[in-house]
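Participant: Okay, here's what each chain looks like letter by letter:
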Amino acid sequence: MSEQDVRDGLRVAVAAEPALSFDPDALIVRARKEIRRRRALVGAGAATVVVAVTAVAVPTVLGQQRGEITSVAPGGASSGKPTATVTAPPTTSASAKVDIPWPPPNVVAPHYTATQLKQRGTAMQNHLKTQFAEVVPNAKQVLPKQFGGEAEGAVADGQAYLEAFTSFTINGVRTAVDIYTSAPGTEGPPPAQQCTEGGVTQCDVVKQPDGSSVLVTTQNIDANLHGGVITSVLHYRTNGTVVRAAGYNYDPTGAGTFAMQPAVPVTVAQLTALATDPALGI
Amino acid sequence: MRTGDEESFRQFAVGHAATLRRTAFLMCGDWHLAEDLMQTTLVKIYRSWSRVQKRESLTNYARTVLLRTWLDEKRRPFRRSELPGVDVPEVVDTQADPAAGTSRAWAKDLVHRALLELPPGQRAVLVLRYFDDLSVAEAAKVMRCSEGTVKSQAARGLDALRVVVARLGADERRVAS
Numbered sequence: 001m002s003e004q005d006v007r008d009g010l011r012v013a014v015a016a017e018p019a020l021s022f023d024p025d026a027l028i029v030r031a032r033k034e035i036r037r038r039r040a041l042v043g044a045g046a047a048t049v050v051v052a053v054t055a056v057a058v059p060t061v062l063g064q065q066r067g068e069i070t071s072v073a074p075g076g077a078s079s080g081k082p083t084a085t086v087t088a089p090p091t092t093s094a095s096a097k098v099d100i101p102w103p104p105p106n107v108v109a110p111h112y113t114a115t116q117l118k119q120r121g122t123a124m125q126n127h128l129k130t131q132f133a134e135v136v137p138n139a140k141q142v143l144p145k146q147f148g149g150e151a152e153g154a155v156a157d158g159q160a161y162l163e164a165f166t167s168f169t170i171n172g173v174r175t176a177v178d179i180y181t182s183a184p185g186t187e188g189p190p191p192a193q194q195c196t197e198g199g200v201t202q203c204d205v206v207k208q209p210d211g212s213s214v215l216v217t218t219q220n221i222d223a224n225l226h227g228g229v230i231t232s233v234l235h236y237r238t239n240g241t242v243v244r245a246a247g248y249n250y251d252p253t254g255a256g257t258f259a260m261q262p263a264v265p266v267t268v269a270q271l272t273a274l275a276t277d278p279a280l281g282i
Numbered sequence: 001m002r003t004g005d006e007e008s009f010r011q012f013a014v015g016h017a018a019t020l021r022r023t024a025f026l027m028c029g030d031w032h033l034a035e036d037l038m039q040t041t042l043v044k045i046y047r048s049w050s051r052v053q054k055r056e057s058l059t060n061y062a063r064t065v066l067l068r069t070w071l072d073e074k075r076r077p078f079r080r081s082e083l084p085g086v087d088v089p090e091v092v093d094t095q096a097d098p099a100a101g102t103s104r105a106w107a108k109d110l111v112h113r114a115l116l117e118l119p120p121g122q123r124a125v126l127v128l129r130y131f132d133d134l135s136v137a138e139a140a141k142v143m144r145c146s147e148g149t150v151k152s153q154a155a156r157g158l159d160a161l162r163v164v165v166a167r168l169g170a171d172e173r174r175v176a177s
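These protein sequence lines map, in sequence, to chains C and U. Numbered according to my numbering, the first sequence spans residues 1 to 282. Numbered according to my numbering, the second sequence spans residues 1 to 177.
Everything labelled a hint here was simulated from the structure, so no lab data went into it. Be aware that a few hints might be false.
Covered stretches of chain U (in silico footprint by chain C; criterion: 3 or more residues with CB under 8 Å from a CB of chain C, positions within the stretch not fixed) [as the list claims (entries may be wrong)]:
id, region
1, 9–19
2, 109–116
3, 138–145
4, 158–164
Here the structure is a predicted model, which is why all the values come from computation and not from measurement. Virtual Cβ for every residue (Gly too), placed ideally from N, Cα, C.
Same shape as in the complex, but just chain U (with noise of 0.2 Å):
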């Protein structure tokens, strides 16, 4: 790769690592493997860099190759059979306002756990539209599939994760009384 190129490179990378990370952490529900997806999402996309750097979006590219990665990852029966029902793992929150800590837990508690509960297509589908949010076209792009897939995803998935959510919360009231 040319100086020139590695230099757009880099500055690619790090303008992007972070996000994401959050992204793939949104989608896997364990940091480690987000930042596992994230460094092998980098590397694929330096192999082709020479090739995609002058792409309109490069951004909603990497999460194309980010998405696939992840898919290939799940798809792994190692991976199936290593992280069945993984738990999202309890990181401390030192900034947690104690007065909102009712709202706050409920929100970082159950709607990412019932996220996790949903099938991958609809899971990746509400990470793009509401966290990424992007368009009802751009998610089709970066999912590679039609904008009327990704209104059915988004709609079957909202859907399911308010049933979800539901009965996570109902079940923490119960242990909680």
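Next up, chain C with everything else stripped away, as it sits in the complex (with noise of 0.2 Å):
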């Protein structure tokens, strides 16, 4: 098969494409919309958010300064249990907060192996194993899959991030949370991307006391999936790794009988407890 074979393959798949009504004018009112949800985002100051933390092996000085909330922070043992529920004080406005200058300057990004990636992989996969049910006590039958890329276990050299759901059972519903970590110097998920994507109804930062920051989303994915609920938890790192925990209301392995739960049953502490833990990321 030559290079002209491809061109002329290619050609002839789209030469079926159905008709395109396209209309400008309604795209524009969409990015109207659009602009004016951002703006709306930044103007929106006195949200009062519960931030549940978790205490990690230092149970530092939670609450002490107004918005900020400490020991979550990388560096703690690895062996975070949520023990406490702190609630804020009004905080700054989401996109306001969203000042996440990324990726931080002056890293290099690495370039990882296949086998390195695959050795670092099958490392947290077995610390899932013994710790998502340290975080997740209620969570049953855990099953952390292999991390890769677009599939499960798959790795290429220079690849910059791995990604694995852990799937378990919790309130007799079998559901999953997916860990995604992207490498040094790489651009990871942009920080106020994350606020803006559409469906997004809660976007909020907590600094850390070691500079890093953590990023709170819940997403209604309804156009996606009717009555679907994302809640993801970010974790950008002064190293320059994003380390992302995600749980759904239903079972985004597709694995099973599908069964919509009426919320995400892994709480935001959980999540934060896994995106800081720094026995995960790459």
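Now that you have both chains on their own, put them together as the hints suggest.
Facilitator: The following block contains the structure:
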């Protein structure tokens, strides 16, 4: 098969495209709405945020400073258990808080080989086999899956992220938490974009004492899955790594019988404990 | 946005919507998702129009935004779980010439189906190089990687495509016989 065959094949593949009913005015209306929504987020000040905090090994000064939560920083012991819930005072607005310059300057992106990524993935998978039940004690039949990229266990030389689901049963229903980590010096999930995604109803940043940031979002994904909700906690670390732990009110792995739960069955505190766990990350 | 800017954006959007949707379709294999990706891409461009409209190659900038939008979608776990190994929808081709049916079906079914089995990077580079007809340098700019990476991805992608096409072709011949 020649390069010309590929060109011809691709041309033919789009030859029977459905008619395009593109309305630029409707698109502009949608774009304006999104811009207004972003500005509204910037202006939405006085929301009271209940921030559940994981007290790690060093139960430091919880809530001593307005809007700043401590004790979830990386570098703490990896046996974080959700032990405290703190009601933070009214915080500043969501988007105003998403002031996380990313990626941090002067961080050189490493080049990981497939072998290195496999080893790191296996280490994280083994860690989750014991740690996940510590963080989410009511989870049963915990099954951390193999870390990979586009598919479970699939990694390639130069890949700058790893991702895997940990499946478990909670309240009698099967679901999973997704753990994603990007390499230092790579863009990772852009902080500001997390708050402007369609359906995001909550977006809060909690600055950490070590200079890192925890970003908490709740996203309604009705457009893709009726009634679907994803709660994500992203830890933007000072070394340039991002670790995201995401919980769902359904089973995102698509295994077994589909059941939509009324709420995401893992708490922000539990997701925070996972995202800030120093044993997770590349 | 000023009226003049809005008008220039409108012209840009109308002029590029179909092309972007085709490129998106080749990458994702689903016309509905391709339309979503095209719309999201244009909304993102609208948001930064005053800043980007003077760019030398706005079309390639749009391709970059489209590519990143698609990759973002792929990385979303709910997308990953909802569309594992999604089949290419069958579309009735009323224009097809029965005499040319064999070769047309071969190209349509196999090349695109094979493309959808490749990793995203290889898929993107093949679409940019062989559908959008970008040079190696242009593709590197769109993908924000080195020209060497584009060359190696394209070479690996072509090799992989040939293997998958051969496998799919053999499967079809086996079913037919």
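Participant: Could you run down the list of hints and mark each one as holding or not?
Facilitator: Structure-based check of each hint:
no.	hint	result
1	9–19	holds (count 6)
2	109–116	holds (count 4)
3	138–145	violated (count 0)
4	158–164	holds (count 3)
Consistency note: the structure conflicts with earlier hint 3 alone.
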